[in-house]
Amino acid sequence: MLLIEDDPAVREGLCLGLGRHGHAVETAADGERGLARLTARRPDLVLLDVMLPGIDGFEVCRRIRAAGPVPIIMLTARGDDIDVVGGLEAGADDYVVKPVQPRVLDARIKAVLRRGGTAGHDREHHGALVVDRAACEVTKAGDPVHLTPTEMRLLLELSRVPGRVFSRQQLLELVWEHDYLGDSRLVDACVQRLRAKLEDVPAAPVYVQTVRGFGYRFGPV
Amino acid sequence: MRWCALLVLVLVLGGCGIQPTDPVFAGEPPVGAAPGPILFFVRDGHLDPVVRAENGRLGSPADALTALLNGPTPAESAAGYYSAIPLPAAAVSVSPIRLGEVTVALSLAPAALSPTAIDQVVCTVVAVEAQLGAGARGLGVRLTGIDASGPPRYCPAAR
Amino acid sequence: MTGRIPLWLRGIRARLVLIIGVVVVLAIVGATGLDYTAARRTVLAARQDQEMARLRDAVDALAPDLPVPPDREALNRVVRTVAEGGVAVYGALSSDVGQRASAIPPELAARVRAGGHVVFQRIDYYGTPVLVVGMPVLTVDAGFRRVPTGIEVYQWYSLLAEQEQISEFAFNGWRTAAVAVPLAVILAWLAAGAVLRPVRRLRDGARRLARGELSTRLPERGADELADLARTFNDTAASLERTVGELRRMEADARRFVADVSHELRTPLAAMTAVTEVLDEESAQLSGDAGTASRLISAETRKLAVLVDDLIEISRFDNGRARMDRRATDLGELIAAALRTRHWDDVDTDLPRGTVAEVDPRRFDVIIANLVGNALRHGAPPIRVQLTADGTGIAVEVTDHGPGLPADVLPHVFARFYKADTARTRSEGSGLGLAIAERNAELHGGVIEAGNRPGGGARFVLRLPRGAA
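Heads up: the protein sequence lines correspond to chains A, B and C, in order.
Going from the first sequence to the working numbering is simple: count from 1 and add 1022.
Going from the second sequence to the working numbering is simple: count from 1 and add 47.
Going from the third sequence to the working numbering is simple: count from 1 and add 13.
The hints are simulated quantities; they were obtained by calculation from the structure and are not laboratory data.
A hint or two may mislead.
What the hints assert, rightly or not - Ranges between beta-carbon positions, derived for each pair:
1) A:HIS1168 to C:ARG268: 43 to 49 Å
2) C:ALA265 to A:ASP1154: 55 to 61 Å
3) A:GLY1185 to C:LEU423: 52 to 58 Å
4) B:PRO67 to C:GLY43: 21 to 27 Å
5) B:PRO67 to C:GLU181: 17 to 23 Å
6) A:ALA1163 to C:PRO281: 50 to 56 Å
All C-beta atoms, glycine included, are put in the ideal place defined by N, C-alpha and C.
Isolated chain A, as found in the complex:
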């Protein structure tokens, strides 16, 4: 994986800590170098610090997201609004507040990576969407839709039981594998990104619908 972090001590520390958990970590000191590394070799996951010199952390996130469906975990120094919301809007899959113990980070990393494949059969047809669970692909009217692992996982979980309402809590546990203390904003941001990619009219969603006061559901189409 790729760690983009400007403080050398934190870089070294996390490298060491994560290395102990069996992760191969490449590092970059700023956004530019990080993006360069990205194009050179595709990592499995990117750990991105928000506070970066040069190109802003959010901008880097957006560029990484634009380049492909690599999972991104934001490292924020503050758990409050600005950083988290900005990060989620920029396309991060999850966030973690520094200082973080490597084993906690490891758990998160594993959870994100797990969103790769789930069990399922056949290809499901929902309106104009075709969901292939085994291949983890989604096409809409024949065109493939590029989703991040998290977005894919969310869609798969929702569409597993179409019409069933999932609360944010449940989605946090199913998709992000956070405990009861998870941040529901993660769900909302992801749903928004999903809609932007799937829906014809994101403001009037057909596939991923909001059930006010309860949560989200898939369809009915």
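Position chains B and C relative to chain A; hints supplied.
This is chains B and C only, laid out in the frame that chain A set:
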């Protein structure tokens, strides 16, 4: 605050209405009634006044002068009064008091009169005017007769 | 006495109106009184003098023709001619047309007889004022002395017309008062407003200032004492605003500093935290001092991280930037999960199912963790957590059987960095635990009560409303 209002109230109410009074002096009374005029005759060589009460009333200065010129009554003569004024004489007029002077017109010349006679006339006029209410002291009498009038004369008894 | 006077009579307006009213009444009464007295004097004097002069001149004119001594007929003639309705008297003889001699007031008769002057007296004749005038008729004797003839003339004059005329003056006075007094009262009422309005403005301004609106200012109109007062008020308010602004700024600076420092600490802490695991794993193999040292570093790094987190959390409360993420949660399950995650199995619980409230789960978890953690650290088992709910809200009671909270500690227990046991200055907590828990409870619109169990041991109760406040 309260006693102030009370005081005002008392003053206001107390002064209401016309209040009765004790007797109050209010000026000079009328003078002018008399049993008769005072005539100055002569007795024992000097002027001596007499009240001619026969009329019962005062009368006018002209009447009094006429009475004087006619001389004393028998009763008065008997008492020793006589007149130094020669007869016949008549007062033609007695003017009202003007500027503290009375002008008397006689039918004879004042120059022909003796001082005593003049005094008689003057004092009688002054006395009667006094009886009528005039102030006697400063009253002067001008005698005019056939000849011209002289200076105002005053009654010696009136001083 | 003051208590019994109603409020509207006690105010400045009432006082002003009263004073002006009294002044006007006094003025009118005084003026009317003076007017009246003068009128009385003039009107009376005029009439009296007129009548007396007329009578005197008439008698004077008649006198020369008056026989002296007079007989009754003469006296009658006098009465008929000059004193119609009156009486003429000569010693015991009196006229018999007109009044009777017995009607003459005795004091008046005595004065007339004794004095030799015109004498008048006012009497009250059954409510009507009457002027009685008496005059002796004098004569001059041979010695040019004025002496009374003995004839006296008396006449009565009714002063009713004068009385009515005078009364009219008084009536006019009252009529003026009837118009002027209400007018004056109204004017006073309005004038009072001119004073009251600025006073009220001042009062309202002061109230607003007391409420905390330090930018309150009063208009400084005019150049009188009230404008002066307004100016003083404004200066005071400005000074207060400045000072309070300064203090707030300093406080904000201090808080920002704490927040900034805490954030700055996070970066080195992030690096240190990243390697504490490594240290832990390796310290088993390190011997002697190195091993102790590495364990020490690891432990202290963890504590430092907790402290910095707490500091940042408290800063967020202070700066008003604490975010709430409320959702309907089953509190029983939340508490159970909190205990389970931390492996606190020794705690007795009474958590009824289905107690749902709108809370921020993270913050609720923080409160529970703090309360139970404190019980475990400073109290003694059995430790009990009980969840109850009623119509208005929920309550979570955490009790232990330890020594409880001493009386001198109790008021300060929520204060920052206040450690209950001063001997044990370095416990696991940061000293901010209860402060943070309290703020979290406040954020939910609830409270935490600190106290002792009746049977000994500490007792903390968290009360929250069920829904968002």
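Find the hints from earlier in the document that the structure breaks and name them by number, from lowest to highest. Result: no hint breaks.
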